[in-house]
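Residue numbers (our numbering), protein chains in the order written: chain C, 1 to 177; chain H, 1 to 655.
Since the hints were derived computationally from the structure, they do not count as laboratory data. Glycine residues also receive a C-beta, built at the ideal position from the N, C-alpha and C atoms. Hints may be right or wrong, so weigh each one.
Here are the simulated distance ranges between beta carbons [to be verified]: (1) H/PRO167 x C/PRO92: 16 to 22 Å; (2) H/PHE431 x C/LEU10: 40 to 46 Å; (3) H/LEU138 x C/GLU123: 54 to 60 Å; (4) C/SER2 x H/ASN161: 44 to 50 Å.
Straight-line C-alpha distance at most 25 Å; calculated DMTMM-like pairs for lysine to aspartate or glutamate [stated by the list, open to error]: (5) H/LYS379 x C/GLU164; (6) C/LYS47 x H/GLU513; (7) C/LYS47 x H/GLU578.
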Amino acid sequence: MSRFLIPLVLVAVMIPVFVIGLNRDPSEIPSPLLMKPAPEFELPSLKDPGQNVGSANYEGRLALLNVWATWCVGCRQEHDYLLRLANETDIPLYGLNWRDRREDAVSWLQQLGDPYVASAYDEDGRVGIDWGVYGAPETFLINAEGVVLYKHISPLTEEVWQKEFQPRILAEKGIIE
Amino acid sequence: MIPEIGHFALILALSLAICQGVMPLLGAHRGDDALMAVARPAARGHCVFVIIAFACLAWSFLSDDFSVLYVANHSQLALPDVYKFSAVWGAHEGSLLLWILILSVWTVAVGRYSRSMPESFSARVLGVLGLLSCGFMLFTLLTSNPFERYLPAPQDGADLNPLLQDPGLAIHPPILYTGYVGFSVAFAFAVAAMLSGHLDRRWARWTRPWTTWAWLFLTVGIALGSWWAYYELGWGGWWFWDPVENASFMPWLAGTALIHSLAVTEKRGLFKSWTLLLAISAFSLSLLGTFLVRSGILVSVHAFATDPARGLFILAFLGIVIGGALALYAWRAPALDSDAGFKPLSRETFLLLNNVLLVIAATLILFGTLAPLIADVMKAGKISVGAPWFEIAFAIPMLPLLLLIGVGMHTAWRSQDWPVLAAQLKMPALFAIIAGLALPALVYGRFGGLVTVGAIAAFWIMAVALIQPLRSLRRPPGTPAITRAALGMSIAHLGVGFFVLGVSIVQAFNVEEDLRMTPGQSVEVAGFTFELRELRNLQGPNFQALEGEVEIRKNGKYIGELRPQKRTYLVQQSPMTEAGILASLNRDLFVALGDPLGDGAWSVRVQYKPMIRLIWLGALIMALGGLLAASDRRYQFAKGAVKSTEKSALGEKVA
Numbered sequence: 001m002s003r004f005l006i007p008l009v010l011v012a013v014m015i016p017v018f019v020i021g022l023n024r025d026p027s028e029i030p031s032p033l034l035m036k037p038a039p040e041f042e043l044p045s046l047k048d049p050g051q052n053v054g055s056a057n058y059e060g061r062l063a064l065l066n067v068w069a070t071w072c073v074g075c076r077q078e079h080d081y082l083l084r085l086a087n088e089t090d091i092p093l094y095g096l097n098w099r100d101r102r103e104d105a106v107s108w109l110q111q112l113g114d115p116y117v118a119s120a121y122d123e124d125g126r127v128g129i130d131w132g133v134y135g136a137p138e139t140f141l142i143n144a145e146g147v148v149l150y151k152h153i154s155p156l157t158e159e160v161w162q163k164e165f166q167p168r169i170l171a172e173k174g175i176i177e
Numbered sequence: 001m002i003p004e005i006g007h008f009a010l011i012l013a014l015s016l017a018i019c020q021g022v023m024p025l026l027g028a029h030r031g032d033d034a035l036m037a038v039a040r041p042a043a044r045g046h047c048v049f050v051i052i053a054f055a056c057l058a059w060s061f062l063s064d065d066f067s068v069l070y071v072a073n074h075s076q077l078a079l080p081d082v083y084k085f086s087a088v089w090g091a092h093e094g095s096l097l098l099w100i101l102i103l104s105v106w107t108v109a110v111g112r113y114s115r116s117m118p119e120s121f122s123a124r125v126l127g128v129l130g131l132l133s134c135g136f137m138l139f140t141l142l143t144s145n146p147f148e149r150y151l152p153a154p155q156d157g158a159d160l161n162p163l164l165q166d167p168g169l170a171i172h173p174p175i176l177y178t179g180y181v182g183f184s185v186a187f188a189f190a191v192a193a194m195l196s197g198h199l200d201r202r203w204a205r206w207t208r209p210w211t212t213w214a215w216l217f218l219t220v221g222i223a224l225g226s227w228w229a230y231y232e233l234g235w236g237g238w239w240f241w242d243p244v245e246n247a248s249f250m251p252w253l254a255g256t257a258l259i260h261s262l263a264v265t266e267k268r269g270l271f272k273s274w275t276l277l278l279a280i281s282a283f284s285l286s287l288l289g290t291f292l293v294r295s296g297i298l299v300s301v302h303a304f305a306t307d308p309a310r311g312l313f314i315l316a317f318l319g320i321v322i323g324g325a326l327a328l329y330a331w332r333a334p335a336l337d338s339d340a341g342f343k344p345l346s347r348e349t350f351l352l353l354n355n356v357l358l359v360i361a362a363t364l365i366l367f368g369t370l371a372p373l374i375a376d377v378m379k380a381g382k383i384s385v386g387a388p389w390f391e392i393a394f395a396i397p398m399l400p401l402l403l404l405i406g407v408g409m410h411t412a413w414r415s416q417d418w419p420v421l422a423a424q425l426k427m428p429a430l431f432a433i434i435a436g437l438a439l440p441a442l443v444y445g446r447f448g449g450l451v452t453v454g455a456i457a458a459f460w461i462m463a464v465a466l467i468q469p470l471r472s473l474r475r476p477p478g479t480p481a482i483t484r485a486a487l488g489m490s491i492a493h494l495g496v497g498f499f500v501l502g503v504s505i506v507q508a509f510n511v512e513e514d515l516r517m518t519p520g521q522s523v524e525v526a527g528f529t530f531e532l533r534e535l536r537n538l539q540g541p542n543f544q545a546l547e548g549e550v551e552i553r554k555n556g557k558y559i560g561e562l563r564p565q566k567r568t569y570l571v572q573q574s575p576m577t578e579a580g581i582l583a584s585l586n587r588d589l590f591v592a593l594g595d596p597l598g599d600g601a602w603s604v605r606v607q608y609k610p611m612i613r614l615i616w617l618g619a620l621i622m623a624l625g626g627l628l629a630a631s632d633r634r635y636q637f638a639k640g641a642v643k644s645t646e647k648s649a650l651g652e653k654v655a
């Protein structure tokens, strides 16, 4: 008798797992950096290798850092929205051009428009590793103290901006003002 | 008005399905003929109203009734009519309705072809099918009503997901669902047998053709899905071990095991409880697949809109159906086990091994699919299980299975004399080893461990599969020809051989290059010269496209021209890749446009895929084998024919 019960027991064990799993968001990948100070970095600027772009550029103010590359399809998708966003918001948007070819990236910005205040050029992806980049595109929201308030993986959209970024930005500004 | 008729028809269908589910089961329990007689008319009426509901939804799509929310979300004025129709099952609500439609058609078919079975048995089968249909209709009506209105109606719809605007994907879901839902018949047969407490060899003979029909549809459905992914997703892969692909593959493996186990139960009256368990598993895995896809519990490219209420409903349904069936199994199966013996070298042994290996494969895939979920729930962190893991996990049980197929097919029931078998298999084995070593070395100029093993296994299966049909062709006059069922088995295994050969060769000798190309430029890949002659803009009915013209030459000789496209669908603004493929039996040449790289240059993916067609051809040959086997005269339930076989079937104890 008992061996005929095994399948039933297995299913009985799996059902609670499914119930718990239903209440989780599978696309949510916790960032070890969340609510912690973001790593400082300094890299050559994408457009002008003579200059440096780094965490010093946005020190002391709320800023966005977008990880992008020309080989990434999602980056192409979100690009038009980033252009619009850069116009609409007063928060500076910095780019981290990640594991890319400089000439490709520069011509991409020339062709499609440049939403970034400045882009840092992370050729070998070291800064990406420090920041725990999982896959481009990713967008970080960093506050004046350099703490990562939020991290979004996958293309940024109006909906995500309204739902996830806006409330955090307003809360942050409320504290400052 | 039409959508309300559809909604109302679905409610009427539910009422009839309740009658079909409750009354015959009660009647069979009490031995009440009048109650049992409700089963067939209720099933037919239920089917008619589901057809009306389905037709109403289709009509709403074809007449661009954007006041229906589902239509507004998944169609558009400029969408070609074919896709307006296939959009009916293009998303969650409508595909559920399709599922219900297919289930009700299967049910009517079971009602029609089960007249030779005892009344109490067919009443139970139809009753169980009715209850399953109730579950799906309640799910649709309560959480996913496709007829919901959206007022005021928008001027135009949001368009069908461009991925689905493709002939391959228009027919893939109906065929796949026919397979999935078909396993509900085997499930119903199993539950009916457990309810009655009787399971004899006749039961296996009734169940076999239904299982084979479901299996062959599932085979074609999976092959179509793989073919679609190959040319539409633009990567040139043919299987991605995506959770949704796994969801269709696990029932296929369980169904394949079931077909083989049923053979033992029919011929020898053995493996009864095991066969029951497989019949429950094949359908349970189909349901689990639905749950995984619809609830959004796993991330997948196929995931439909996710909604926790829907997830909970399916989970509850899943728990009742699978849990109920398995509880019944734990209660009834022990009494059904038989203890007839067989020798170690006999067909029974090989079919047992076949079952064990297939079940191991299905279990490993199930584990890999659910592992991310389990890890997440146990708070062990986020993990993902990728193709390399699945490939190894799947190959481990499959390689011995492929080698055993050949021996098992030619082993006699009960007991087999080894020298006789060895003499029979010597030539095919020799042929397989020579051909398997020669093909990679002579045609592709390279040896490789895996490709050689794969090719030997493939040629081995093909050779042994042909022994029986060839012998039948050369038989002395007056002796009986091979039966259709045996021919079907041989053909299906031949298909396995083709499939294995295709997989081995394409994995080993596939060439794939991502290149930067400007118009006028040529590149050389795998001995072929690809010239990008020009890029031009094109206007489709509901999309704009950039089309490349690629000319292919080999040693200066013109071979063909490809026109890969990069489409942008206007309403959803989503980019789509239409790969250009020059197909032939021995190789595909595949060109897909990537992204603009500036200065008029584009990234272009060029691939050379030797023998990839054999993968889908193999699957179609397997399905053809299933078709031959399922249509064998032995399984035709014409009233007169049954009486004569009844006696031999009942002589099970003697055998």
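Next item on the list: Hint by hint, work out which the structure violates, then give me just those numbers in ascending order.
Entry: Checked against the structure, the hints that fail are numbers 1, 6, 7, while the rest are satisfied.
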